[in-house]
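Start from the sequences and build out the full structure, keeping to the hints where you can.
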Amino acid sequence: MSSKEREPVQILQGTLDLIVMRTLETIGPQHAYQIATRLEQVSESLLNLNQGTLYPALVRLEQYGWIRGEWGRTENNREAKFYALTKAGRKALERETERWRTMAGLVERFLAEEA
Amino acid sequence: MHVRWFLARIRGLLRNARADERASEEREREIAAHLALLEEEFRAKGMTAEEARRQAHLRLGNPTMIREEMRQMGSFPLLENLWRDVGYALRQMRKSPGFAVTAILVMALGIGANVALFTVVRSVLLRPLPFPDPNRLVMLYGYQGNPPGPNHYVSAGDFYDWQKTGRGFEQMAIWRWTGFNLAGNGGELPEFVNAGAGSWNLFSTLGVQPVIGRPFTADDDQPSAAPTAMLTWSFFHRRFNGNPSIIGQTVRLNGKPYVIRGILPQWFTYPDPTIQLWVPFQVDTSVEDLRTHYNHMSQVVARLRPGVSATSAVAEVSAVQHQLYLRLNGGGPIAQGVVSRPMLEDVVGDVKTPLYTLLASVICLLLIACLNLSNLLVARSAARRRETAIRTALGSSRMQLIGQQMTESLLICITGGVLGVALAGLATHWLVMRWTDMPRAEAIRPDGLVLVFAFGIIALTGIVAGLLPALSGTDASVLMALQEGARGSSGSKARARLRKALLTLEIALTVVLLVGAGLLFRSFLRLRSDDLGCATKNILTMNFFLRGDKYHKQAQIVSFDTQLLEKIRRLPGVAAAGLTNCAPGGGYYGDMEVNISEHPPLPAGQHRFAIFRTADPGYFSAIGIPLIRGRLFTPDERMDNDKYVIVNQEFVRDFFPHEDPLGKHLHENWRSAAGEDYEIVGVVGDTLYEIGQPKRAMMWFPILGGFPGNSSDVVLAVRTRGEPEAMTLTVQKAIASLDPELPVKNVLTMEQIVGQSTADSSFSAKLVLAFAGVSLLLAAVGLYGVLAYLVTQRTQEIGIRMALGAERERVLSLVLLDGLRPAFIGLGLGIAASTAATRLIRSALYGTSPLDATVFVSVIATLLVTALAACLLPAWRAARIDPMQALRTE
Chain A
1 MSSKEREPVQ
11 ILQGTLDLIV
21 MRTLETIGPQ
31 HAYQIATRLE
41 QVSESLLNLN
51 QGTLYPALVR
61 LEQYGWIRGE
71 WGRTENNREA
81 KFYALTKAGR
91 KALERETERW
101 RTMAGLVERF
111 LAEEA
Chain B
1 MHVRWFLARI
11 RGLLRNARAD
21 ERASEERERE
31 IAAHLALLEE
41 EFRAKGMTAE
51 EARRQAHLRL
61 GNPTMIREEM
71 RQMGSFPLLE
81 NLWRDVGYAL
91 RQMRKSPGFA
101 VTAILVMALG
111 IGANVALFTV
121 VRSVLLRPLP
131 FPDPNRLVML
141 YGYQGNPPGP
151 NHYVSAGDFY
161 DWQKTGRGFE
171 QMAIWRWTGF
181 NLAGNGGELP
191 EFVNAGAGSW
201 NLFSTLGVQP
211 VIGRPFTADD
221 DQPSAAPTAM
231 LTWSFFHRRF
241 NGNPSIIGQT
251 VRLNGKPYVI
261 RGILPQWFTY
271 PDPTIQLWVP
281 FQVDTSVEDL
291 RTHYNHMSQV
301 VARLRPGVSA
311 TSAVAEVSAV
321 QHQLYLRLNG
331 GGPIAQGVVS
341 RPMLEDVVGD
351 VKTPLYTLLA
361 SVICLLLIAC
371 LNLSNLLVAR
381 SAARRRETAI
391 RTALGSSRMQ
401 LIGQQMTESL
411 LICITGGVLG
421 VALAGLATHW
431 LVMRWTDMPR
441 AEAIRPDGLV
451 LVFAFGIIAL
461 TGIVAGLLPA
471 LSGTDASVLM
481 ALQEGARGSS
491 GSKARARLRK
501 ALLTLEIALT
511 VVLLVGAGLL
521 FRSFLRLRSD
531 DLGCATKNIL
541 TMNFFLRGDK
551 YHKQAQIVSF
561 DTQLLEKIRR
571 LPGVAAAGLT
581 NCAPGGGYYG
591 DMEVNISEHP
601 PLPAGQHRFA
611 IFRTADPGYF
621 SAIGIPLIRG
631 RLFTPDERMD
641 NDKYVIVNQE
651 FVRDFFPHED
661 PLGKHLHENW
671 RSAAGEDYEI
681 VGVVGDTLYE
691 IGQPKRAMMW
701 FPILGGFPGN
711 SSDVVLAVRT
721 RGEPEAMTLT
731 VQKAIASLDP
741 ELPVKNVLTM
751 EQIVGQSTAD
761 SSFSAKLVLA
771 FAGVSLLLAA
781 VGLYGVLAYL
791 VTQRTQEIGI
801 RMALGAERER
811 VLSLVLLDGL
821 RPAFIGLGLG
831 IAASTAATRL
841 IRSALYGTSP
851 LDATVFVSVI
861 ATLLVTALAA
871 CLLPAWRAAR
881 IDPMQALRTE
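These protein sequence lines map, in sequence, to chains A and B. Mapping of the first sequence onto my numbering: position 19 corresponds to residue 19, and the numbering continues sequentially without gaps. Mapping of the second sequence onto my numbering: position 618 corresponds to residue 618, and the numbering continues sequentially without gaps.
Please note that a few of the clues may not be correct.
[Unchecked claim] Dumping the calculated DMTMM-like pairs for lysine to aspartate or glutamate here, alpha-carbon to alpha-carbon at most 20 Å: (1) A:81 x B:21; (2) A:81 x B:668; (3) A:81 x A:62; (4) A:91 x A:62.
The set of hints was computed from the structure by calculation and includes no laboratory data.
Laid out in structure tokens, this is it:
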């Protein structure tokens, strides 16, 4: 796949949760806007994502008990809900990361073989 | 992951409305904050406030979609839809509670009756017998004649020859009914007990072990062996309080001590629960009877070797029997061959047809109820057509719509089903109580299969009643409803057609049920009006058996009989009394070969029989059997002066078609091998040995001959001046004053005997009739409902017709015909189906043809009158429509 034309990619089902958790792990508690901004930065705007798409993922993760949201204030003194990884979330992230790596490696191996 | 997903959603389902509200408020706040941050970012990039807000919204996406998605995160969409549908259906039902309650009750009745009958059918007809490997158990019977005549019992001589040669059978056992006077020990009343005399290996053939004590051995089963007995569980508990120390002790049967060997398990009730104990076959059977090939009085149970078919095993035994037949044919009636029958079929007997008839009729009833419900729901879905169309336009899928419309019928069926299953428990109990001759009644209980049946039938009714209306209410043309005015449309015409089709089917089924019920009821009436041939009012009968040491001589029996009759006849309230061995309607009892001394001997191998009866001189007038010719017995025709016989008219028709029977002689050889001649002195009127059975030739010998084998079984018949039941105790006391140890059983009035023998057929006829009545009512309601609905729909059309000059009579007949058409078609279909269906119940009919014209005509009349009545009201209403009013309704 050529990346030169910088075609936006669709996010893979289920990977958004992983990305969000990883983001929270690396830079600590964040609110949705921050997470979205961070996503755009890291992906260099390659992810074709409405920022609102984050919300269902956040609700889901909160329901699993992997992240917890708390109301706080931004540096500009605006109120926002800050999400942080929970203990269970850390464990889940480890597990999911492992799974993703295995999976990605596996797919990669098949793709390489074909080439 | 999945567990968490599931738990999360369960939590979502459980959270309450307030928490729900709070959560959604919080999300609003969060999204608002997010938008604010985005706006800030865009403003920082130098946009105007307005532009920044627009960009922020674009960046975030559609907030409504986000909210909806977030809301769905916390729920099972399917379950939630279901919940909503249920709520909707409940509101619908609350709007018309009368309809809902009626529908639920009808469904409960239908499902309950089905489950109850299936429980009985399953337990009696389908569940295997409780023995190990029951499929290998068969009963063997003999037959005579070519082509083979009816199956008959087996003679002991035949059995012992089969046992020696039948290699296809693992084991083969013989048994027959017997009975004993049981002396009262320890203050209990003496009683007569039904018993079985079985070869020692009967229990091992069946695969039964005594729970206490030891089984019979071959040594117990010898003519000279010390008498032993095996008790059934119920008798052991009833008479001996379940005390195991009774093993090895004796019980006095007919005055003789029998050592108790063992106790049979509680579940063992073969052949039926009236048998109280078992004795070895050879101990209870005379040596002559053990050897003879001519006296057919026992049943044979055989267990096939594994892998051997009944056909081949029986063929071998049948070949042996044929050799016996060729060798012994001249000496007496002997079986020509052997047939087998699966043991289950043998135990179940003739209850099969009535049970399946009942099951079929309740299935019909349930189907009719379903069609009716379906019909009413079609009307309702038609009324909701606009709503459905709007929902479709707003994006409801057809599945969603069908689901929503089916929820109501499913709710009705499930509620009805749960009620019905509860009812079924009671109904099963009631059925078993009322059905006096039900075989395996003790084994009737619901099991897994019944449960599966109940679930299946509930689901099926829900689908039958719900799917059709739901499909018709949501078909592809649904959007037309938005275009069409309220004026008649092709869609509603199609629905009217569907309703009429359902109705036609319903009426056809009702007709089949009505015809079946009519036939059964007519056959019952025939049975009921059967003339026994004797008096039935004010006759009391009771049964006793003169057996054992006290009654082994002629003189002992005759003296007892004479004293008893004198005593009874002197009692106040007694008009007359007599003795016989078996009262009219009391059963076959037994037969004897007929040899007429004056006639040339029959060709070898031909045998003729007549029913064997005994009587004292006063019996005939006491019970009201008329003397046709000749005379009755005289008081001095007793003891050895008993060579006289009385026959019935059927006997004369059979054996003396063209001559005078009086003065002719019957040759019988029970006293000596050479035999004696008995002179025919009289001819009496015909009596039935059993209600529902054809007349048979009968011959009466003097009971006061006192010959033990012939005169031991006694029925005392007393004609009373008043209520016969009031005399019961007095008569029993008179018997006890002569022999306090003599047990009396079957104390019955003649009317009770008649009632008993027609009870089961009356019961099933009345049940089917009740089902048919309910079906008729349902069909009438259905017919009325459809027509009333059609009239409402066509109000405008009728209004226009009338405005244009149509007469009221024409409108009336128009609507009437519209309603009667499905009735006519259904009637035609139903009659056609009935001619086929009634053939199946032929064996349950007595004296009634399956195509009985009276029944068919009255069914047609009943149905037409009912249909007319159901159609008249809507038609009349249509004829009274005011055209002005009708045209304005739009």
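Taking the hints in turn, this is what the structure says about them:
The suggested pairing of residue 81 of chain A with residue 21 of chain B holds, with an alpha-carbon distance near 18 Å, which does not exceed 20 Å. Taking the CA atoms of residue 81 of chain A and residue 668 of chain B, the gap is near 114 Å; set against the 20 Å cutoff, the hint is violated. Simply put, residue 81 of chain A and residue 62 of chain A have alpha-carbon atoms about 12 Å apart, close enough for the 20 Å limit, and the pair holds. As the CA atoms of residue 91 of chain A and residue 62 of chain A are separated by approximately 15 Å, the hinted pair is consistent with the 20 Å bound.
Comparing the model with each numbered hint stated earlier shows that hint 2 is the single one that does not hold.
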